[in-house]
Amino acid sequence: MNKRGSISLWTGCVIVAFLLVIAVFGPKLAPYDITFQLKAGTEIIDGKSQYVKIPYPPDEKHLLGTDRWGYDMLTRLMYGARYTIFATIAIAFFRLLIGTAVGLTIGLAERKQAWWISLENTWSYVPIFIPIYFMLIGISMNSPLEPFQLTVIFVVLATLLGIPSIVSSVRQKTEQVKQLPFITAAISLGAGREHLILRHVLPQLKEQLLLLFVSEIIVVMALMGQLGIFDLFIGGTIAENDPDIFISASNEWAGLIGQSRTSIQFYAWMFYGPLGAFILAILGFSLIVNGLKRKYETAYNQSPYV
Amino acid sequence: MLRILKQTLFIIPLIFLVAGLPTLVRITEEQFVIFSPSSFVVDVSMFISDLLDGSLGTYYLNHQEREITDDLWPFAWQSFIVLISSMLFAIVTSLIAGIFLQRWKIANAIKRLLDMISIVPDFVIILMVTLLSVFMYKSTGLQLITLSPLKTDLSKYWFPIFTLSVGPTLYLIRLVDIKYRQIGAEDYVRTAVAKGMGSFHVQLHHLYKNIKPYFMADIKKALSIAVANLFIVEYLLNISGVTRLIFGHYQFGLTVIGFATLILMIGIVYSIIAGILYLFERGFIYE
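So the sequences go chain by chain: X and S.
Letter by letter, the first sequence follows residues 1 to 306 in my numbering.
Letter by letter, the second sequence follows residues 1 to 287 in my numbering.
Any given hint could turn out to be false.
Cβ pair distances, simulated, as ranges [stated by the list, open to error]:
no.	chain 1	residue 1	chain 2	residue 2	range
1	X	131	S	158	27 to 35 Å
2	S	63	X	268	43 to 51 Å
3	X	115	S	50	30 to 38 Å
Simulated crosslink set (BS3-like; lysine-lysine; CA at most 25 Å straight-line) [as the list claims (entries may be wrong)]:
no.	chain 1	residue 1	chain 2	residue 2
4	S	111	X	293
5	X	295	S	111
6	X	173	S	212
So these bits of chain S aren't anywhere near chain X, every CB distance computed over 10 Å [what the hints assert, rightly or not]:
no.	residue
7	21
8	66
9	76
10	180
11	182
12	221
It should be emphasised that the hints constitute simulated quantities derived from the structure, not laboratory data.
Glycine included, every Cβ here is placed at the ideal spot set by N, Cα and C.
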């Protein structure tokens, strides 16, 4: 493993650890309560009375400013972190769990499962945010359900729709491994199916599965961002017409980006705060992916002749 | 031919299903998720009866009833131009940068930079490019972008094309680069180089030819990335394109027609690209 890979891996781990701390203890560490609302009015500062207007721009009292209704942005981000981080990790985990099981089964099957391969192929070209959008729009807009319940629904849907791509990579790798001589040897020595999977195939897939898990987290974050652009926020959207206003019920980060997109012109801090947090999260996971890739690939590196 | 027919038969019900989902699955005030196939059946039969009457039906835009047939063509044309231009841009750039400029130090430095940018999800890049162009206008007075769908000059096209091409370009460049590294290390490449063939000749005849099958598969994926981004670009840049029919104010018939048009458009764009690459091969490689 080369040095740059290990630096990238460690930086990524530190960022992700930091995010996990925020996700778990966010509400406790937040500077304000989630219900705290800054009111417009006059305030005495250094003996002079000054008018406090809302939205309040970033300063030492509100590090990331407040939104249009006077809620502290940093507080909202810290409350929303658990939705962003845990939902993405949960989706990636369940996709991987089910995808690996199915992929191993299909990959080790005696005959090629043509129907599955054609399904897999077709599915890989469908942008997943479109079916999810149409499924959730009736449920998630002004929903009577709690943000947590809506997040669970999203996790289930996003997991199910994302499984084929995981199955595809696991199946292909399994089919490669199946050709190797030690598998034939194991079979001729009388190894059963379970033994074959646990002792011979899974150890070969270990590295790739870890890589898939982290990359899948990034994919899911991008999906949440795409939905956020179309005002469908994870954990529910509170929508108002006339004028059209969309508010994220869970303060999930991609939702906060989508919500403050319209404020960009005059109150840019409302947009850049969530965007910064979101990009930091993606950066953390990408650095891990990069580090892992370098770690695994150094052994097989080739350089072209031309 | 039979396969295409089979696929069409499979796709049509799928379009109906996806477009019908918002009416199929809803939630009531009492927290019951309701599944109502009856309204879906009504929607579908209304749509089919409209079709049998020889029209595509009407839709409402700001409480005004409009014929879908009148708006479909200009909307689809706008999207088509944007989609195919950005795909062609992505393909040409990735082939040139990934295969023919492989030995240029500058090209490789740029590629490393692009690799870093590609970490950022496409929707953030699209937002950032838009913000950057607004910032440029503010500081230099150079207007690159228009959000008015009524403008007819070139600015209506080139900025969306540029923004849309970012995603597929980053994707294709990365994949061509990976394949180049693998195939460039093959023995037949070494043999060709050892025989004293020029590097451009080897790149064209040994590398491009062998990268092409993988590249064709990647083009499909790049096209799907471009389509996903098309939704975002048209929405953010206020372009009256085909995705407006799908993600506008939801109306069943409109969404079905939007999806059908989009899928047809993807097929046409893919065939045009495959045709161009075929001509390139005939013209330059097999002469």
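Now the hints, each set against the structure:
1. X:131 <-> S:158: 27 to 35 Å: holds, 32 Å
2. S:63 <-> X:268: 43 to 51 Å: Violated, since residue 63 of chain S and residue 268 of chain X (Cβ atoms, about 34 Å apart) do not stay within the stated range.
3. X:115 <-> S:50: 30 to 38 Å: holds, 34 Å
4. S:111 <-> X:293: holds, 18 Å
5. X:295 <-> S:111: holds, 21 Å
6. X:173 <-> S:212: Distance of about 23 Å is within 25 Å: holds.
7. 21: violated, 4 Å
8. 66: At roughly 21 Å from the nearest Cβ of chain X, residue 66 of chain S sits farther out than 10 Å, so the non-interface label holds.
9. 76: Holds, because the least Cβ-Cβ distance between residue 76 of chain S and chain X comes to about 18 Å, which exceeds 10 Å.
10. 180: violated, 6 Å
11. 182: Residue 182 of chain S not clear of chain X: closest Cβ-Cβ about 7 Å, inside 10 Å.
12. 221: violated, 7 Å
When the structure is compared with the earlier hints, violations turn up for hints 2, 7, 10, 11 and 12 and for no others.
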